[in-house]
Amino acid sequence: MSGLISLLQDEVRMLVAEMQESVRLAATPATSSAALARWSRRGQALVGAISVLGRETWSRLAQGLHQLGTAQNTDALLTSAVAESLQLFEGFAQAAEHAAEALLEQHAAQADALCLRLVKAEAEPASEDPDTTALMPLFRQEAEDQCASMGQFLLQLEQQPERLDLIMPVMRAAHAIKGASRVVRLDAAVQLAHALEDQLVAAQALGTAVSEETIEFCLANVDLLREIAQHGATPALLKRQTALLSSRLKAAAEQPAVARTESLPPAYAATEEADPVLRIKASLVGRLIALAGSGVVGAHRLRPFAQRQQRLRRDVGNLGRLIDDLYHRLGAPSATTALGAQLAELRRGISATRHQTQGWIDDFAEYSREAFDLHERIYQAASMTRLRPFRDLVIGYPRMLRDLARQLGKRVRLTVVGEALEVDRDVLEKLDAPLTHLLRNAVDHGLELPELRQAANKSEEGRVRIWATHRAGMLAIEVSDDGAGIRIESVRRRLVEQGRMSAEAAALQSDHALCDQLFAPGFSTAKEVTEISGRGVGLDVVREGVERLGGSIRLSTELGKGSTFHIQVPISRAVTRALAVQVAGEIYAFPSLRIERVVRSERSLIVPSEGLQYLPLAGRNIGLIPLAETLDLPSVRVQQERLDLVVVAHQGRLTGFVVDQFLGEYDLATRPLDPRLGRVTDIGAVALLPDGEPVVLLDIDELMRSVARSARKPLLARNLEAPRGQRRKRVLVVDDSISVRELERQLLLGRGFEVEVAVDGMDAWTRVREEPFDLLITDVDMPRMDGIELTRSIKQEPRLRAMPVVIVSYRDRPEDRRRGLEARADRYLTKADFHGENFLKAVHELVGDAQEGA
Amino acid sequence: MSHEPKQCWRGIGVYGGDHSCPRLLQEIHCRNCDVFRHAARGLLSRKIEPLPPLSGLLETQAKEASISVLCFRLGSDWLALGCEQVAEVAEARVPRRIAHRCQSRFEGLVPVRGELHLCVALIELLQLGARKELGGERARLVLLQPANAAPIAFRANEVIGLRRIRNVDIEEVPAALAPELARCVKGVAAFERGRLAILDDSALIDILAEALFA
Chain Z
1 MSGLISLLQD EVRMLVAEMQ ESVRLAATPA TSSAALARWS RRGQALVGAI
51 SVLGRETWSR LAQGLHQLGT AQNTDALLTS AVAESLQLFE GFAQAAEHAA
101 EALLEQHAAQ ADALCLRLVK AEAEPASEDP DTTALMPLFR QEAEDQCASM
151 GQFLLQLEQQ PERLDLIMPV MRAAHAIKGA SRVVRLDAAV QLAHALEDQL
201 VAAQALGTAV SEETIEFCLA NVDLLREIAQ HGATPALLKR QTALLSSRLK
251 AAAEQPAVAR TESLPPAYAA TEEADPVLRI KASLVGRLIA LAGSGVVGAH
301 RLRPFAQRQQ RLRRDVGNLG RLIDDLYHRL GAPSATTALG AQLAELRRGI
351 SATRHQTQGW IDDFAEYSRE AFDLHERIYQ AASMTRLRPF RDLVIGYPRM
401 LRDLARQLGK RVRLTVVGEA LEVDRDVLEK LDAPLTHLLR NAVDHGLELP
451 ELRQAANKSE EGRVRIWATH RAGMLAIEVS DDGAGIRIES VRRRLVEQGR
501 MSAEAAALQS DHALCDQLFA PGFSTAKEVT EISGRGVGLD VVREGVERLG
551 GSIRLSTELG KGSTFHIQVP ISRAVTRALA VQVAGEIYAF PSLRIERVVR
601 SERSLIVPSE GLQYLPLAGR NIGLIPLAET LDLPSVRVQQ ERLDLVVVAH
651 QGRLTGFVVD QFLGEYDLAT RPLDPRLGRV TDIGAVALLP DGEPVVLLDI
701 DELMRSVARS ARKPLLARNL EAPRGQRRKR VLVVDDSISV RELERQLLLG
751 RGFEVEVAVD GMDAWTRVRE EPFDLLITDV DMPRMDGIEL TRSIKQEPRL
801 RAMPVVIVSY RDRPEDRRRG LEARADRYLT KADFHGENFL KAVHELVGDA
851 QEGA
Chain C
855 MSHEPKQCWR GIGVYGGDHS CPRLLQEIHC RNCDVFRHAA RGLLSRKIEP
905 LPPLSGLLET QAKEASISVL CFRLGSDWLA LGCEQVAEVA EARVPRRIAH
955 RCQSRFEGLV PVRGELHLCV ALIELLQLGA RKELGGERAR LVLLQPANAA
1005 PIAFRANEVI GLRRIRNVDI EEVPAALAPE LARCVKGVAA FERGRLAILD
1055 DSALIDILAE ALFA
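Listed in order, the protein sequences are those of chains Z and C.
Quick note on numbering: my numbering labels position 363 of the first sequence as 363, and the sequence is numbered without any gaps.
In my numbering, each residue's number is its place in the second sequence (first place is 1) plus 854.
Bound conformation, chain C alone:
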C-alpha cells in the first residue's frame, strides 16, 4: 500500500475535477465511493520518513533563548517588564487621591474591572518625568500581579505590547544611567523605537511597594 493513490477525486471527481467519473451516477459524491475510502485508509497506514533529530532543535532554541517583555514608555524612555508580572493593561485614569497621602509617590486608587488598586507614580520614582505628563490618548494603566505580593499599578505614557528580546541582544547597563533607574535595570537592548531598558522585575516590585512610604 505504498504507491501514491491516483487521486481520481481531483481529476474526474467532484474535488476540483470535471465530474466525468461514471461511478458518480451511482454514488453522487466522491465521499460515498469505495475508491475514495480505500485511498483515505491507505493514507493512514503508509510508511513515513524518519523525523529530523530533536537535539538539533533544542540547540537552536538555546542559542535563540529570549524573554518576552511588555514594552512601555515613561517620559521619553522605553522600558520593558517581564510579561508574567503583568495582570492587565487598562485605560489610564487619573487616580483618586487619598486624604493625607498626597505628598508621596503614591498617587491614589484606580478602578480596574470593578476592583480598586493602588497606583504609584513610577515615572517620578525613576526620575523620568512628572506625573502630570502622564496624560494623552496613548497613556495606559499597567496593573502588576506579582507572584507573592498584592497587586499594584502605575501609569505609562504609552504601551506598545509584548516583544521578544533575544538574550544575546541584551547588553550591559551603561554607566551613564540615572541612579534610581540603574537600581532596577538589568540590561539594555535595541528595538524598533530605539533603546529599551529591561527592568529587573523583583527590584521593580520592591521599589513600587516602598513608594507607599516615600
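Just chain Z, same shape as in the assembly:
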C-alpha cells in the first residue's frame, strides 16, 4: 500500500479545505444554498475516501458530517462540533505519512464524542399539528413569493427613500404573511411579520424619507421570515429572531410612539392579481405538450380524407355526364314515356347527389382547416408553458449585488433591460450560474472603490447592467460594468508568466485574442484568491456553461471605462434542425449543423480502393460507409443506381454515410432516450416527425468515433492474439476518488492483472468501447454518468455484455443493492469488503487468475 496513505491525505486535505469554505459561505444568506450543495457533495466524497481506511469511528464521523448537509439547514454547519470534526480530519491530512494512522488511533475517542454531538446538533423540526402539515407546502410557497416581493420593494425603497408609496405593497405582503403564519401556527413568523408591519407604519407616519436603519431592519426581518418559513422555528433561528426584535425595540423606545389600530385601512383591500401564476407539475405539462403534438399529427391526417372526397366528387360528376350522354344517345325521350321517366329520375337523383356531396365536401374542407388551425394553436400555446419571463432569472440579483457591494465597501446599482423577454425555462435555469458569476466578478473585480471612482470623475455608485434581447433567432445577453476595465498588458504578461505562451507569441496576439484567453482554465489576473471570486476557475466554467447550452461568449473591455460580456444562446434547447433519412427501413436524423454536404451520386462515380469505397468530390476523396452497418441495423443490401450520402466532417476528415434515401429537413422537438435503455452508442436523442413517426437523432461525435474504432479493429485483434498463457487479463477501475482508485489498482496489480483507470462513468464508457477489458470495477456515485447507468449501458450493448461488472459502493442499503442488480451487475460489493478477502475473491470468481494457465 505504498503511497496510498499520502494520496488519501492529499484528497482529505482538499476536501476539508472546501468544506471549511462551505462553512464560511453558509453564514451569508445569499450564498448559503450553494454552500449547502457543495457541503453535500464534498461530504459524500469524504465518506467515500475515509471508507478506504476501514476505521468505523472515522467513517461514522464523516457520515455524520455529510448528513448535516441533507437537513437543508445552514445553521447546523456553524456549530463548534463541525469545526472540531473538520480540524481532526485536517490534522490527519497534514501529519507525516507514517504517523497518520497512529494519529487516528489517538483521536478515536474524540471522534466518537464528536459523532454524538453532531447528531444532537441537527435541528429538531418544528412540531407540527397534523391539520397544518397539509398546509405547510402552500404556506412555504406563499412565504417565498411574498418575501421575494417585499425584498424587491425594499431595495427600490433603499434607492429612493423618499418614495413612501413603496411602503404600502410591503405592508400588504407583511400582513398577508402574518395571517398565513397564524393559520399554520408559526408564532415566530407572526411576531416577525407584526414587527415588520409596525416598523413600516411608523415609517409611513413620520412622513420623511425612510432611514437606512429601517431598511436594514426590514431586510433582515424579511430574510429571517423566509428562513423560518422554510425550516420551521429552529432554536438557532429563534435566537436570531429575539436578537433582531430586541434591537429594534430598543431603538423604538427612543422614538415617539405611534398610534396604531388593528383594523385594516381600506387600502389593504386585496387587489386582484392581473395575471395570477399557477404551480403545476412538470410531468403534467410534458403530457399536455405531447398530446397537443399528437393533435397536430391527427389534424394532418385529415388531408387524405379530403383528397378522397375530391375524388368522389369527380366520380359523381363523371357518372352524371355518362347519364346525360345516355339520355341523348337514346334520343332524349320525354318524361311521359316509361324510359324517359326513368331517365329523368336518374338524372334528378344524380344531380341531387352531386349537390349534396358538394355541400358535404365544402363543409369538410372548412372543418379540417379549422381543426388544423385549432390544433396548431393548441400546440403553440402548450409549448409556451415552457417559457418564463427573463425577470424570473434576475429577480434575486439586485439583492445579491447589494449585499456583496456592502461587504466590499463599494456601491453598485444593477439595471436590467429586457425583463419581459420570454425564455425557455431550461435555458433560464442553466444561465443562472454563469450570470451570477459574471455579476459577482463585475462587482468584485470590475468596479473600483468609491474614492477611486470619484478621483476618476465617475459616479461613486458603480453601474452594472444586464441587457437581454432577441437577436437573429438567438437570445443575446450583455453583462456590462462601468468599472476599471481589464488591463490587456497584464493579461499578456500573465500568459507568459504562466508559461502558456512565449513572449514573442504573446506580443503578436491581438487584444481580442488576449481577451479570449481569459476564458482559459486556471487563468486569473486577480492578485489574491478571495472568497468572492477570482479563483481562476471562474470564467472557464462560465464559458463551459454557456457552450453546453449551445451558445457562445466573448468579452470586450476598455481600460478605465469598463467591461462587457456578450453571451449568445439559442432560445430553446429542445429544438434541433435535422435532416431525416431512411436507413435499413428506419428513420434516423443528422443534426443539420454537423452536415458538411448532402450528395446524391451515381454509382458509377464510386471508386473502390483497398477494400473501401471512395467518392471523389471537389478535389477530395470521401470515404464511404453504409450507415446501417455502423449502427448495427440489419438491412438488405440493394444495389441502387443512385446513392444518397450525408457527408460529415470530424477533425479535418470527411466521411460519407450511405443511407437508403433522404426524407427531408425538419425542426425536431427532441427528448432524451428512455433511461432504461442506458446509453446507446451513436445515438443522441429521439423525436417525432410531423406525421407522428418516431425518429432517432444521431450523435455525430460518437458516430465518428465508432467509425474510427472499426477502422482500428484489425490492429487491436492482432494484439489480442498473443499466445495463450502469456496474456495478462485487463481490468478497468472506475471511481472519482483517487484514493479508492489507487487502492483497487494496487490490490489488482498485486494479483498480476493489468489495470487501467477511469475517473467517471463517461470516461469509462468511452474506454470500454475503445479497448477490450476482461473485467470492470465501478463506483456508483460519480459525475457525468453514474455506475448504475454505466452498468446498464454495458449490459445492454451486445458486444460488451459478456464482460463481468462489479459494483463497489459505500451505499449498502437493500434498495441500492437492488438497483445495482437490476442493472445486471455481476456483483455488488460495499467498500467494507476491501478489508476482508471479499473483493479479491469476487474478482477471482468472475475472471479466474490474471494469467491463463498461471
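By construction, these hints were calculated from the structure, which means they are not laboratory data.
Just so you know, not all the hints are guaranteed correct.
[Stated by the list, open to error] Distance windows between CB atoms, simulated:
(1) 784(Z) - 1054(C): 36 to 42 Å
(2) 838(Z) - 1054(C): 55 to 61 Å
(3) 1001(C) - 801(Z): 28 to 34 Å
(4) 1032(C) - 474(Z): 55 to 61 Å
(5) 882(C) - 344(Z): 46 to 52 Å
The C-beta atom is built at its ideal place from N, Cα and C for all residues, glycine as well.
Given the structure of chain Z, go ahead and fit chain C onto it with the hints provided.
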C-alpha cells in the same frame, strides 16, 4: 296520505289522457294544476316497504367474486391481463428499431398519444411465435402502466377487450404448459374463444423489464 292517487293526468289529462278534464280550460297543462301538485308531494311522503337485507347481497357477491381482465391473443394462444395495469390499447405500429439493440427482445420505440414508449416482443419472450407474425388488421399495441414502474408496451395479434372471469372458474395451470409461459400464468379458464391463460401481472411486468437485457 297512503292511498294510491288516481292519476287523473293519465286518464282525463294531458299525459296520455283524452284532455277531457274541465280544469284544463283554466290550467292549460296538468303540471299547473293543484291536483297534480298534491299528488306529487304525496309521492314523496308515502310510506315505503323495508329494503331487502344487504348481507344476503354481499354473500352472493362473494360467491360471484371475479376479476376483470383484458383478453388478447399472441400467436394462437389467448392470454388475459389485469385491467388495472393497462393504460391504453392502440393501433399497432412497427416499432422504430434502435441502433445496436436489435438482437434483443426489445423491439424499439412506439409513439402513443405523442409520447414514445418501449415496445417488447412479448410473443417471443413467451415462446408463442415470432415478431413478424404480429401484423394484420386486428393487431393492436397494448400499453401497460404498472403502479410503481415506468410504462412499457407490447404488440398482440388481437385484442377483444375486457371480460369478467369468475374466480371459481379459474383452474390450475396444466403441467403441459411451456416453461416461459408457466412462469407468469396463474391459472386458466374457458371463455368464448377457447382456453384463456390468466397472467400474473407482476411476473409479467418483471419479464418485460428484463427483456431489455436479453
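For this session: Determine which of the earlier numbered hints do not hold for this structure and return their numbers in increasing order.
Result: Number 2 - this is the single hint that the structure violates.
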